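Enquirer: The chain contents come next:
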Amino acid sequence: MAKQVGMEVSIAAAEAVKLANVDVIAAYPITPQTHIVEHLSELVADGELDAEFVPVESEHSAMSLAVGSQAAGARSFTCTSAQGLALMSEIVFIAASMRLPILMILANRSLSSPLSIWNDHSDVMSVRDCGWIQLFTENSQEVYDHVFIGYKVSENHNVLLPTIINMDGFILTHMFEPVYIEDESVVKQYLPDYVPKFSLHPDKPVTMGAFAMPTLFTEAKMAQNEALKASYPYIMEAWKQWGDLTGRYYNPIEELHTEDAETLLLTMGSFGETAGEAVKAMREQGKKVGLLKLRLWRPFPFEELRRAVSGASKLVVVDRAVSFGGPGGPAASEIRSALYDMDPRPQVHNTIAGLAGRDVTVNDFIQIVESAETKKTDDYEIYGVRG
Amino acid sequence: MSNVNVFAVKTLTQKEYFSSGHRACQGCGETLAVRLVHKALGRDVVVASATGCMEIVSSPLPLTSWEMPWIHVAFENAAAVATGVEAGLKALMRKGKIPNKKIHVVGMAGDGGTADIGLQALSGALERGHDFIYVCYDNEAYMNTGIQRSSSTPYCAATTTSPAGSVKPGQTTWKKNMPAIAAAHNIPYVATACPSYPMDLVEKVKKAAETPGPAYVHILSVCPTGWGMPGEDIIKFGRLAVETGAFPLYEIENGRYRITVDVPELLPIETYLKPQRRFRHITPEMTEIIAERVAKEWELLKRRVEFSALD
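Chains as they are written, first to last, in my numbering: chain A, 1 to 387; chain B, 1 to 311.
If we strip away everything but chain B, and leave its shape as in the complex, we get (with noise of 0.2 Å):
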């Protein structure tokens, strides 16, 4: 990985559509995806975000840190309230009611709000193939009510609903795989992403943003207070998540797979979750059966590459 990835930030708006000045704990990772997020937007967006950490620390009445039109109003129901605006928007569009312009319309929510609890909104709204943009900011855990597992919490990691005991290891499961849900509705376009990768990130929402029809973002947002780490480690984690192969960047163009940040050879995985308090618990045994779980998985992801290439 360059630094030419790190400098080139340097080219984005100083537009915050984001403010300074919310409740986010220090270091959260999900604030600076969203900060990214929105700078690749701009401002003709309309948001739709689930109940969430987001939600709770930016829009507390009557003040708000959102630049940019936006609507919270429920958990399981952001795709859905972001395809009503779409929809709305392009009636009145039509029927010359307000001037016709590109609006990008975004929903967004966390991993409890897409993979568990929103799973179903997205779904239809993704097969209805509506032109929005939804954003899953996956911390990997409900950490917004205290840190309980998701499905998108990682095998073994320590929650305070999949605690390490004596029997379990933590979280029992593995983390459900909510970009190849999405890719399986056939829509144009799906990325995974992190705020470490910055350009990265930016490149993917915008090449989002212009696709039309539905587009499925999926960013790493590294959590200090839930994952257990200091504030300012927040970056080299992500990038560790990526380097392991806990993490793959990639993209599914029009059903084409690439890589978009290649890891010629893995990091050791222990490098990745050693550190984290959610998984010092673990032993040789659980570290081993995780590490080959990635290696299938990054295999299979680069044959996913190979395969799709072939028309």
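Okay, chain A solo, but in the shape it has when bound (with noise of 0.2 Å):
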């Protein structure tokens, strides 16, 4: 039976990849990811994690290990922050690339300078494009369940692709909430040893990570590309299934109260929770606002995204990251994107706030329904800058 315990986050987290029973640990530490790896280290000094913890010198030898260890068919794991991701973003490309599923939890914090430590989603959208499935959380739980999920959906042989978890930094990692922590046997059951399909070893030698001349490239590409679009439906049988094991299930598009909403609200990771607060104060003043809260940002779920919509006249996207010099914060501009051929479509809006861990309360959020329902251009706006 699942036990319901209050521990920090970023501890809870660990205890999930030490029930992942991961065969190695890269790690480097970066506020505010550290405690996920001090504790995992715990965990391995103590004997309850048999795995290779390897301190390496920096983020982008934690991927590189990584790589190098998942390559040789070791169930592998990582995690890291901003200015850590960005130094390794060089080989989190190859990664996907070289279609091998490791798992990275991403405790998200904005990328310098100036320096900060606090939360936003800027690091994750420096690496939009690297083609791994990306994966954004609200809570204790969701952090917690998705490791499982994430290494169910990555090493599954028709995907066999990497997956970071994003999890806001100190808004989760360093918050104390309840958490359901499963059974050994139950995560047994769902996510068998991992079975790699090629590894290094001298009795099938293989040749990984070959150069392409132009002839090839974009073979190689599309073939990426389809691979990580191929994924959503193991995707959705992953959630299915721990759903069906342990009562929780997951969509690509969480929704609150959007049964007749004329406008509403979209958020990604820890804005959730307040946001559907604010949602549910509005509600009580009678107004028709729902939330959507984005969880699968990679591959994008466009079907899923057009039908949540559809019906709504206005909808306010709320960005935890800026676009500099375009066309607002990074969701607001694919979701533009994605809903351009519906017809009738909401009237997009975008506002960035929350940058580098500012607070954004529920009176913030309904401020932001309100000031975008009074505004006809498609326009956006930095939320609450003084001055």
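If you are wondering where the hints come from, they were derived from the structure by calculation, not from laboratory data.
Treat the numbers as computed from the prediction; the structure is a model and nothing was measured.
Where a beta carbon is used, it is the ideal one built from N, C-alpha and C, also for glycine.
Treat the hints loosely; a few may be bogus.
[Unchecked claim] Over 10 Å on every C-beta distance to chain A, these chain B residues come out as not near it, computed from the model:
| no. | residue |
| --- | --- |
| 1 | Lys-15 |
| 2 | Arg-43 |
| 3 | Val-46 |
| 4 | Trp-66 |
| 5 | Pro-69 |
| 6 | Glu-76 |
| 7 | Arg-94 |
| 8 | Lys-95 |
| 9 | Gln-120 |
| 10 | Thr-145 |
| 11 | Thr-173 |
| 12 | Lys-206 |
| 13 | Gly-231 |
| 14 | Glu-253 |
| 15 | Thr-283 |
| 16 | Arg-304 |
[As the list claims (entries may be wrong)] Going by beta-carbon spacing under 7 Å, a handful of chain B positions derived as facing chain A:
| no. | residue |
| --- | --- |
| 17 | Leu-61 |
| 18 | Thr-64 |
| 19 | Met-68 |
| 20 | Ile-71 |
| 21 | Val-73 |
| 22 | Val-81 |
| 23 | Ala-87 |
| 24 | Gly-88 |
| 25 | Leu-89 |
| 26 | Ala-91 |
| 27 | Ala-121 |
| 28 | Gly-124 |
| 29 | Thr-160 |
| 30 | Thr-161 |
| 31 | Glu-292 |
Combine the two chains into a complex, taking the hints into account.
Expert: As structure tokens, then:
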């Protein structure tokens, strides 16, 4: 029986990595990811987890080492934040192209400069096109569950792509919350040992990481794109199986009060809980406002999104990153593009908020919705700028 | 140097682990070194290669020259990838997921991938004490991108980014001492080698493989294209590098230095430098500066041998 306990979300994440029985952990410390790797090192030191814990000298080597260990057939884990992701990003792209099902938790933090340790989504948006499956989580349970779900999907031989689990730095990593800790037997049943399709072993030599001339490169990239798109049904299947086992079901887009909603708010990550309170409050005032929480960022759930927004006249997308000199927040610009062919389609407003951990409260969300309701244009705004 | 070394090479396995048909330049000293390294190591290896000449000549999709498991990821991370493979295999064997067996994990890179961009990853891997062998194939410049200088390019050598001009003599800095940097990590085995001395190279690679923990082998790989000489002369120039003291052959076993190919009297340095296109501009003054430095380094090496023999 799953047991509900209160613990820091980072500790819960590490406990999930332990239950997933990973073989290799590549770890380099960066705030706010540190509590995850610290706890994992304790679990290994105490013999609770039989894994190689490798304290590498940089994030670039963390991802490189995970590529090597995963290629050798070992279930591999790493986690990082912001500058760490930026440093390793070269290898992040390669890991996906080499179809290595690594799992990485990204404790989301702002990219410098100014230097900030606090939360936003500028880090993950910088690797938007890296080819990984990318998910957002809003609480401890979602982080915990997606460690198993992530491996389950990634290691599926029809998928073989790495997964990033985004968890907001501090807002989640350093928060104490109740979480259902699963029995080992449940996890074992759901997530059997990793069976690599190809691995580096002298008994069956393979060459990995060849170079491609222009005659083959386009085909390789087309195949990679198709693979990521084709992972969608396996993600759905993995969510359903997890739900059947635990009673906790997940969707590419979670909906709250969306029935008959005229205005929809759309958020990602930990914004969801606060935005949910705001929507409840607005409903109590009789406003037809609903909330969409975008969980699956890659592969992007186009059909789900179109279905979820149909009937609404306004869609207010709250981004947690800026696309400098571009069309606003990265999520909003993708969502606008995804809805372009819909007829009728909701008017999309974009608010960028919560940069570098600035609090976005229930009242802020109410204000964001109210201000969007009076706007006629599709422009974006950066919310709450002082001065 | 006796000829025994040359004939004994016939005792090596006939099996080729680095197949012919690759796209290296004619007379490439590096491919010869790779071939010998893997004859020494045998079949039970996994190789992690950096980007560079050896990667680009050997792995054009869908072809491969590698008869053993081989992975290439990027330029600066061969040591990190290799130690990932080592950690993965170790965990899988310990957990009973694959059968127990000795598999030699090898990281390989050129001098740029080792002494420049890959130095941090290599230092981390050596410091962590993984059981692996790192081989630097040193052709003394970025040959794959068109002969640009690296920190391993020798003083005065002309490259496309250290040209010999009216003001500058070519490379203005001395060759970075990578074996000393590796040795400073207190790893159990460090060696220099050159395919012109094949059995010396093979013995060192075997020793590196048998050593538990990290081992570093630095192989001078004569590059006829980058250095400017006929392809058939590469063995000769490898020998001249050793016989003039430009590249001494030695090993450091648990801190003890040993010169493995002794040179009772160093040949004049110009016999090595002068015929190479990259040094054709050097003046007698430059030669003198280099000769002094080489003599000093050689003396220093001999003193290290004596000093490290004291317990």
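Enquirer: For which of the previously enumerated hints does the structure constitute a violation, in increasing order of number?
Expert: The structure breaks hints 2, 3, 4, 5, 6, 7, 8, 9, 29, 30, 31; every other hint is satisfied.
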